[in-house]
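Here the protein sequences come in this chain order: A and B.
Going by our numbering, the first sequence opens with residue 1, and the numbers climb by one from there.
Going by our numbering, the second sequence opens with residue 1, and the numbers climb by one from there.
One or more hints might be untrue.
[To be verified] Listed next, with one range per pair, are the computed distances between beta-carbon atoms:
id, chain 1, residue 1, chain 2, residue 2, range
1, A, 35, B, 126, 35 to 43 Å
2, B, 71, A, 108, 24 to 32 Å
3, A, 35, B, 70, 25 to 33 Å
4, A, 140, B, 149, 31 to 39 Å
5, B, 99, A, 94, 23 to 31 Å
6, B, 126, A, 92, 41 to 49 Å
7, B, 149, A, 135, 57 to 65 Å
These are calculated hints, taken from the structure and not from any lab test.
C-beta: ideal position from N, C-alpha, C; glycine also.
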Amino acid sequence: MSIEYFEEEDVPHVLAVDDNLIDRKLVEKLLKTSSCRVTTAENAMRAMEYLGLKENQQQNHLNGNGRKVNMIITDYCMPGMTGYELLQKIKESAVLKDVPVVIMSSENIPNRINECLEKGAERFILKPVKLADVKKLRRQLTKC
Amino acid sequence: MASVPQLQRQFIEYTTSLHNEGYLDDQFSQLQKLQDESNPDFVVEVVSLYFEDSEKLLNNLATALQQKSVDYKQVDSHVHQFKGSSSSIGAQRVASVCVHFRNFCEEKNLEGCLRCLQQVKQEYILVRNKLEALFGLEQQILQAGGSIPMME
Chain A
1 MSIEYFEEED VPHVLAVDDN LIDRKLVEKL LKTSSCRVTT AENAMRAMEY LGLKENQQQN
61 HLNGNGRKVN MIITDYCMPG MTGYELLQKI KESAVLKDVP VVIMSSENIP NRINECLEKG
121 AERFILKPVK LADVKKLRRQ LTKC
Chain B
1 MASVPQLQRQ FIEYTTSLHN EGYLDDQFSQ LQKLQDESNP DFVVEVVSLY FEDSEKLLNN
61 LATALQQKSV DYKQVDSHVH QFKGSSSSIG AQRVASVCVH FRNFCEEKNL EGCLRCLQQV
121 KQEYILVRNK LEALFGLEQQ ILQAGGSIPM ME
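Construct the entire structure; sequences and hints are all you get.
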């Protein structure tokens, strides 16, 4: 068994957003298995709070308290605010617009996929998410 | 008391049959691949969450369909959740029934929905029983000092 030592900053920090408990646990495990630090949020509002995007939250270039996020992976269909709307908010933010956003969905709807990609989503993944999908993402992250 | 090799053979045969009969699909194998020394109970943990969640969803569905004026959007939302989590753990047959169920929701077809509720409940109970039997076999193997065969 080989042990790799990472500096705090070397391990990508991913924010995973999904309202489904099982999917959240699965994505978290997939990301951890791929050597990522993971924070989960159960809906877009919580994600926005975490990212400092809610109105009246102070936006600073460090994004506060070590909450630097290297990637956001979010479900599309969520109650309240959808993953697409969250994507929009992220892309509108001066601080966060360059953070890659990945959208997950159980529904293979070409219009939806195009909409997300055009809005600047890094990738669209069809659920259920597999280890191969996450490994691909992880390889991309190391290039950043 | 069966020997470890006998138990392991049973495990392999049972897992294979569950896949062949469509109860479980490749996604379940994905879960098994994620289990390792640092997280030896991962599959049981996720599946236990699935059982808890599913039972809540089934109750919510029954309640929603009993309303005088059924809110089909709400019913569809529950089915969507159920389909999602079932797919994520590889419970293929449950997920398939959910697809039909959603169609009936769209049509606001109460009879169709009620039939699907019965069906999805049945499929869920079946897969739950089978997974519990599978976990039971695993326990027997481990207690007899053996290791769980890796399924390709």
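Looking back at the hints listed earlier, which ones does the structure fail to meet?
3, 5, 7
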